[in-house]
Amino acid sequence: MKKRLLLLAFALLLCIGSAVAQAEDTQFALFKRTIAPVMRWGENGIMTVPKATTLGRANFFVGAMGQKAGTLQGLDLYLTSASLMAGTSDDVEIGYTRRQLIWEDLYFSNLSMDTFHMKARFLNLTDYFIPQAALGINAVSLRDNKFTDRNSILFNPYLAVTSTIPIFTTKMLLSVTAVAETIMNQNALGSYQFSGGADLNLFNFLYGFAEIQGFNPAATNSEVINAGAKLRLGSLSAGVGLFNIKLVKGEGATVVDQYASSFLDLANANYMATVALDIRLGKKAPAKK
Amino acid sequence: MKKHAIPLFVLALLTVLVFTSCDMINNFIASRTRNIAVIQVFNSNHEETRYFQPNDTMYVQIQGLKANGFYQVDCLDPDSKVITTLTALADENGVIAPSPIWYDVGFKKVYNVSLGRYVAVLPSTTELGLNAFNIRIHDAEATDTVTDFKLPFFVVYNTNISRPQPIIMAGRMDNSIFVVENSFAAGDGLYVQAANLTSLPTPAPESGKVMIYLVPFDGGYYKDGEPITNIVAKQEATIDQLIAGVQFTATSTAGFPDVGGASWATIPTGAKGHAFSVIVDVNENGIYDEKKEGTTDYYLDGIDGNGVAGFIVKSDPPPPPVVNVDYIPANIASGGVSWGHFWFENWPDYDYRNTFNADGSQTQYGWDWQYGGYGVKALWNPYLSHDPQVPNSGAANSELYYGKYVDVYIVDAAAVDLTGATKITPVTGTHKMTMPVQYACTNGAAQQTIWRASPGSPMTVGSYCVVVDVDQDGYVSDGDLVDNLHKGESAPSDGIGFSVQ
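Protein chains in written order, with our numbering: chain A, -19 to 269; chain B, 27 to 527.
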């Protein structure tokens, strides 16, 4: 049985790889970096790609990250994000993110953006091997950062599927995730986009992860990759990520040849740091065998 | 319970902070806020929004800059390639007033084989579109070397809402296919097509038709509820005709300057050298209604050319220049005084001037909202098209933006080299200004200030020309525009575009 499940997970990885091999949409990737919550990297999300796993009932998560936006008349500006996520049940989490432009002397700019999040897991047969699945949505205002008019809210619904595979022990977990998503406003839908990635959890202490955000099977282009690592000590965690790495395909008659000769372009990549605090009030749900 | 003591304490602390100290937090935030919205984008209705109708124009406003600083504003794709760009002068408050940076939002550029050039097309009539990009602001000529930052933005455009704003497009028919067009010649057929329009509004007009108005473009901006008074010609059409693309064949209003009584079965000769906007009035009430009163998403009328020209009709080629460069003499320097849409006696002259006061007095805003600041404005419209119609956007996504940008200089009239041998040098106190323009007609300056007379820093007395370097090669070359004309001249007499006194 375990062998069959391992094969299933491997097939899922191959599916992701195959989709990745087709294309991406750098604009959608930038959009997602702009509206995604600060994830519990490698746990309820990879970096900007949501996982089907959730925080768990009565567990809370406060995360923040930021990057330098530049300098205005000699004062550095930082684009910061802070998220508060709450697990309302074992399968549902809700969250709020505030993006704020801040000066180096800790004065706020009056440029800010709020985003709301919700995710509901609807498939959770076991903790390992068999994929879990969740539906989620991010919501951002299109006018004046107000959420009073439904027509002025842009929704980003998604379906996330995650499979977690223990490596010899449940203390070392490899998790792979695939996401299909779109945008929605005033009953109109955008084109479908696909994201995916993998993360490795070593002893609940060291996390490594990489994701490909926003590839579009209907187009052909280079892919955008985000990658990072995180350390966790108890409730506190800190990580660093490198966003917007471009995978430039090389020459070749076949896709395999093109990828074999591809290279990573870091020219437009940005470092991002994150700190996070877990507030665990709920019991962890018993592991499903 | 002991296990949860610390998390409970932290949660309780957060709860106390959030729910019992809101005023304290808000007051703290207010006391620590600089009231500077660093970068904002607007649509052509002057709304700060991330929602655009296709064919709209995106404006950008920057705050917190050095007073009178000279800056470059770039729209960058995610790979940091320039989609479109402009340079602008900050005012005395360090603000770059809303300036058009992205024309025809939502359109993509596609090569039309039969026309042999790129055309703008709507990607889809049923999808929600998304453009995500960065806006970067940095100094353009080392007037402020300590400013360089960028912020991510995204905009969506929806072609499929319950009652969206009609997208009105002037164009031509090419093998029975409607092609959006900004630049016509007399004798061409003028067609009007609408997207996002499927039915008459409620209540529907008694005629069961909509009214297409052809009005002069006067450099101004139609506001919601404004009467449509300066009508060149009007024609009724059914919704189905508009969706398919209907030829505009009406007869011009009798007595209308240059075109009075002329038929538009083909664009009349009198229309040469003029610019127009096209308004579709879906309830035939003679008023430009953006939305139904009391609603937020029930759009009514549509316009092609609000604040910028919808289309132009090219003038006859000017007399052959005596030099070996096929440049185009044209009036460009403007005082920016706009008088709204209520004129009838003559075509707008866009306040082209031969003389300016050194302190910029008696010039004013092109329109209230935009292009604040006193001094010389640039407006080239109508345009005598030599435009190769090749977009020069450097964006990696070749379909992302159909547009281009040009360089504008003020040069000493005695020093301008119309043979194209000497590099163009802006006179002291001015800069090479880069401006996005609309595709095909290369129109778009729309009274952007190109020489600001700031307090204590008047413009220098002298005689000048304005050069629009369309191909951005830094020299006067074929197809560039040169204002070396007096107002109303068709050929240069003394080679002076304007004087500062």
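Incorrect hints may have been included.
With a Cα cut of at most 16 Å, we get these calculated EDC-like pairs of lysine to aspartate or glutamate [as the list claims (entries may be wrong)]:
no.: 1; chain 1: A; residue 1: 48; chain 2: B; residue 2: 73
no.: 2; chain 1: A; residue 1: 126; chain 2: B; residue 2: 74
no.: 3; chain 1: B; residue 1: 107; chain 2: A; residue 2: 85
no.: 4; chain 1: B; residue 1: 317; chain 2: B; residue 2: 252
no.: 5; chain 1: A; residue 1: 126; chain 2: B; residue 2: 319
no.: 6; chain 1: B; residue 1: 176; chain 2: A; residue 2: 245
Worth flagging that the hints you see were computed from the coordinates, not collected in a lab. None of these values were measured; they are calculated from a predicted model.
The hints, checked one at a time:
With a C-alpha separation of about 28 Å, the suggested pair residue 48 of chain A and residue 73 of chain B falls outside the 16 Å cut-off, and the hint is violated. A hinted pair counts as satisfied when its Cα atoms are at most 16 Å apart, and residue 126 of chain A with residue 74 of chain B qualifies at roughly 12 Å. A C-alpha spacing of about 31 Å is found between residue 107 of chain B and residue 85 of chain A, which places the hinted pair above 16 Å, so the restraint is violated. For a cut-off of 16 Å, the pair hint linking residue 317 of chain B to residue 252 of chain B stands: about 12 Å separates their Cα positions.
For the proposed pair residue 126 of chain A and residue 319 of chain B, the alpha carbon gap of about 21 Å is over 16 Å, so the pair is violated. Straight-line distance between C-alpha atoms of residue 176 of chain B and residue 245 of chain A comes to about 20 Å, which puts the hinted pair past the 16 Å bound.
Hint compliance for this structure: hints 1, 3, 5, 6 are not met, and every other hint is.
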